[in-house]
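Undergrad: Each chain is listed here by its residues.
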Amino acid sequence: MTDRVIEARGLTRRFGDFTAVDALDLNVERGTIYGFLGPNGSGKTTTVRMLTGLLTPSAGTATVLGHRLPKDAEPLKREIGYMTQHFSLYEDLSVRENLRFVAAVYGLGARQARSRINELLGLYSLGDLAKRRAGDMSGGERQRLALAAATIHGPKLLFLDEPTSAVDPQSRRDFWEQLFDLINGGTSILVSTHYMDEAERCHKLAILSAGRVRADGSPQALMDAMGANVVEVETANPRRTKQELTALAEVISTAQLGARLRVLVSDIIDDPVAWIRQQRLNEPLGAVERVRPSLEDVFVTSTGASPQ
Amino acid sequence: MRPLRRIFAIVQKELLQLRRDRVTLGMIVMLPLVQLLLFGYAINTDVRNIPAAVVDQSNTALSRILTQIVTATQVVDFVERHDSIEQAERAIVAGRVRAAFVIPPDVAKRLARSPAVGHGLATPRSTDEETSRPVAQWIVDGSDTTIAGAIKALRGMPLQELFDQDVNRTTPTFEVALFYNPEQRSAVNIVPGLVGIILTMTMIMFTSAAIVRERERGNMEMLINTPVRPIELMLGKIIPYIFIGLIQASIILSLGHLIFQVPMNGALLALAVATLLFIGASLSLGLVLSTIAQSQLQAMQLTIFILLPSILLSGFMFPFEGMPRVAQQIAQVLPATHFMRVIRAIVLRDATLAEIHPEVLWLGTFMLGGLVVASLRFKKRLG
Chain A
1036 MTDRVIEARG LTRRFGDFTA VDALDLNVER GTIYGFLGPN GSGKTTTVRM
1086 LTGLLTPSAG TATVLGHRLP KDAEPLKREI GYMTQHFSLY EDLSVRENLR
1136 FVAAVYGLGA RQARSRINEL LGLYSLGDLA KRRAGDMSGG ERQRLALAAA
1186 TIHGPKLLFL DEPTSAVDPQ SRRDFWEQLF DLINGGTSIL VSTHYMDEAE
1236 RCHKLAILSA GRVRADGSPQ ALMDAMGANV VEVETANPRR TKQELTALAE
1286 VISTAQLGAR LRVLVSDIID DPVAWIRQQR LNEPLGAVER VRPSLEDVFV
1336 TSTGASPQ
Chain B
106 MRPLRRIFAI VQKELLQLRR DRVTLGMIVM LPLVQLLLFG YAINTDVRNI
156 PAAVVDQSNT ALSRILTQIV TATQVVDFVE RHDSIEQAER AIVAGRVRAA
206 FVIPPDVAKR LARSPAVGHG LATPRSTDEE TSRPVAQWIV DGSDTTIAGA
256 IKALRGMPLQ ELFDQDVNRT TPTFEVALFY NPEQRSAVNI VPGLVGIILT
306 MTMIMFTSAA IVRERERGNM EMLINTPVRP IELMLGKIIP YIFIGLIQAS
356 IILSLGHLIF QVPMNGALLA LAVATLLFIG ASLSLGLVLS TIAQSQLQAM
406 QLTIFILLPS ILLSGFMFPF EGMPRVAQQI AQVLPATHFM RVIRAIVLRD
456 ATLAEIHPEV LWLGTFMLGG LVVASLRFKK RLG
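Chains A and B supply the protein sequences, listed in that same order.
The first sequence maps to residues 1036 to 1343 in my numbering.
The second sequence maps to residues 106 to 488 in my numbering.
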């Protein structure tokens, strides 16, 4: 129990007739990165906002760092950091001015703030940009600034809402290195994303779709428990073969990858390669082989939809 | 300590943002400056040189002298001359002149019997048709009551000069002693009032946009995730504008003194206290609007919604006493109405704060009430 930073039971949020988050259960352990994977509108941001105390749940309970929500939202705010989906610092202030403002708002003294800001400028390679206005910076630079601001008061728990949506792949890799450094320092992190490669880096994750958790666990466990096997098929006419395979009841989904097809076959079929070869298809098949499942496959089998 | 630090952080941030917003910065100085010149010169109830036409049907030396005497009053300026009343009326319709002075053919006869000439004749009885006929006639475009009033004032003008007599002033029924503005210059009344109008405009405009802007630019989501309290945010937002308000008030009063010779009779300390209270009241009203408005455009519309009655009903342009009861009741709610009385009392009549304490108390109460309402309305939750 003591090792859980977030515990939620039956967390629900309705906006009028629309249920954005439906009876969500969640356990996040200390010192881990927990991921929310889901398409836009699946309830990721709403859940994060409820867990930070910004939104009052319509039903259910949540305990974050031992604080009962929504009652204890204010004391919780000193202990958590929140990086919003859209850049929410001041574009007309410089990097240092922004950090100084956030530090003061979190109650850091002038001397303490100065040394912490210098530390963060070094840590997130913002030293050369200290005088640059946030509005004049690139997506990756802004994201580093936002992370620096969200961690300025040394939060025990960090919420990141789609932190890398406006960032190039290299910045994204660097960003995740920084997240693991934070974990090493004892911080716990909850991150929402719709990128598979990001989700795969999480210790644990929950797949969200239409406000519900469809599957949760470690990425490996999710792939193991997927309930389907993945087969790649080579064919001369992939469009037509895709239609034929998709029509079969045992096939969960078919996706085209260039000249090949990635086919998810339900695990009621013991040998999916042989099974596909047995099907009477109009087009001759080339190589057919079983491949390692990816998180995207998990996503497709658990939601019946593709991300994004 | 921490609340103070947070308030100071917000003040500092607002000032930094303001310093980088050149247009707003310029407006802080230009708005009072331009308005002072506009209102100071334009609002003038003491009308002079009204364009008028003469229809001289008598065409005698006497009628020409009569015209000159009327011209000498400077109330009208005869710009046209017509032979018939119809032509003069058309000039009024076309808007070239506001009035026509019609001198009848028998002006000499009428003058001889007129009491205005003061021939020492006994005042004619009102039934005496022949003697009580006026000397000449004014046809006036009476749609503008100020112009009509100015020409009406000529009705009883003495004409002794016409016969080289000493002007024999009659003793008035009442003696009127005009205190505080003996020369009857409208700038004396307008300029102190303008402080109230300018402050209403800028203070409410700046703060009504303050919270909305944070929301529109997405900064609010970050702010409400920090430990900052609503009242700290509100105070931090208004403190920078208190200084701006004081700067604007000083610009108006000092330039009003230099350009329009508006006296500064009152104590500066009383003036500063009263102005601060009014600034506070306007700022907290702006904050309340800011918690209602969903966008900066709406904030602007709400500002105008407050500004218009503040200009029209506060007593700035028209005396409060002359307004119908409903208008007075609306005006009583507006901080500008109370400030209008306060600043004129201090600047022109050297009133002490104790002498005008109901108005001063009202401003203070309004400020605190607004601050409380704005803080309560501002929620640190999204829903």
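Keep in mind that the hints were calculated from the coordinates and are not lab data.
All values reported here derive from a predicted model rather than from experimental measurement.
All residues carry an ideal CB built from backbone N, CA and C; glycine is no exception.
Some clues are possibly wrong.
Said to hold, decoys possible - BS3-like cross-link-like pairs, simulated, lysine-lysine; straight-line CA separation at most 27 angstroms:
| id | chain 1 | residue 1 | chain 2 | residue 2 |
| --- | --- | --- | --- | --- |
| 1 | A | K1106 | B | K484 |
| 2 | A | K1191 | A | K1239 |
| 3 | B | K484 | A | K1191 |
| 4 | B | K214 | B | K257 |
| 5 | A | K1191 | A | K1106 |
To be verified - Anything over 10 angstroms on all C-beta distances counts as not near chain A; from chain B, calculated:
| id | residue |
| --- | --- |
| 6 | R107 |
| 7 | A114 |
| 8 | I115 |
| 9 | L121 |
| 10 | L130 |
| 11 | N149 |
| 12 | D188 |
| 13 | Q192 |
| 14 | P263 |
| 15 | A292 |
| 16 | A377 |
| 17 | Q399 |
Undergrad: For every hint, state whether the structure bears it out.
TA: Each hint, compared with the structure:
| no. | hint | in the structure |
| --- | --- | --- |
| 1 | A/K1106 x B/K484 | holds (14 angstroms) |
| 2 | A/K1191 x A/K1239 | holds (18 angstroms) |
| 3 | B/K484 x A/K1191 | holds (25 angstroms) |
| 4 | B/K214 x B/K257 | holds (23 angstroms) |
| 5 | A/K1191 x A/K1106 | holds (19 angstroms) |
| 6 | R107 | violated (4 angstroms) |
| 7 | A114 | violated (3 angstroms) |
| 8 | I115 | violated (8 angstroms) |
| 9 | L121 | violated (6 angstroms) |
| 10 | L130 | holds (13 angstroms) |
| 11 | N149 | holds (43 angstroms) |
| 12 | D188 | holds (70 angstroms) |
| 13 | Q192 | holds (65 angstroms) |
| 14 | P263 | holds (69 angstroms) |
| 15 | A292 | holds (40 angstroms) |
| 16 | A377 | holds (30 angstroms) |
| 17 | Q399 | holds (17 angstroms) |
Violated hints for the displayed structure, listed by number in ascending order: 6, 7, 8, 9.
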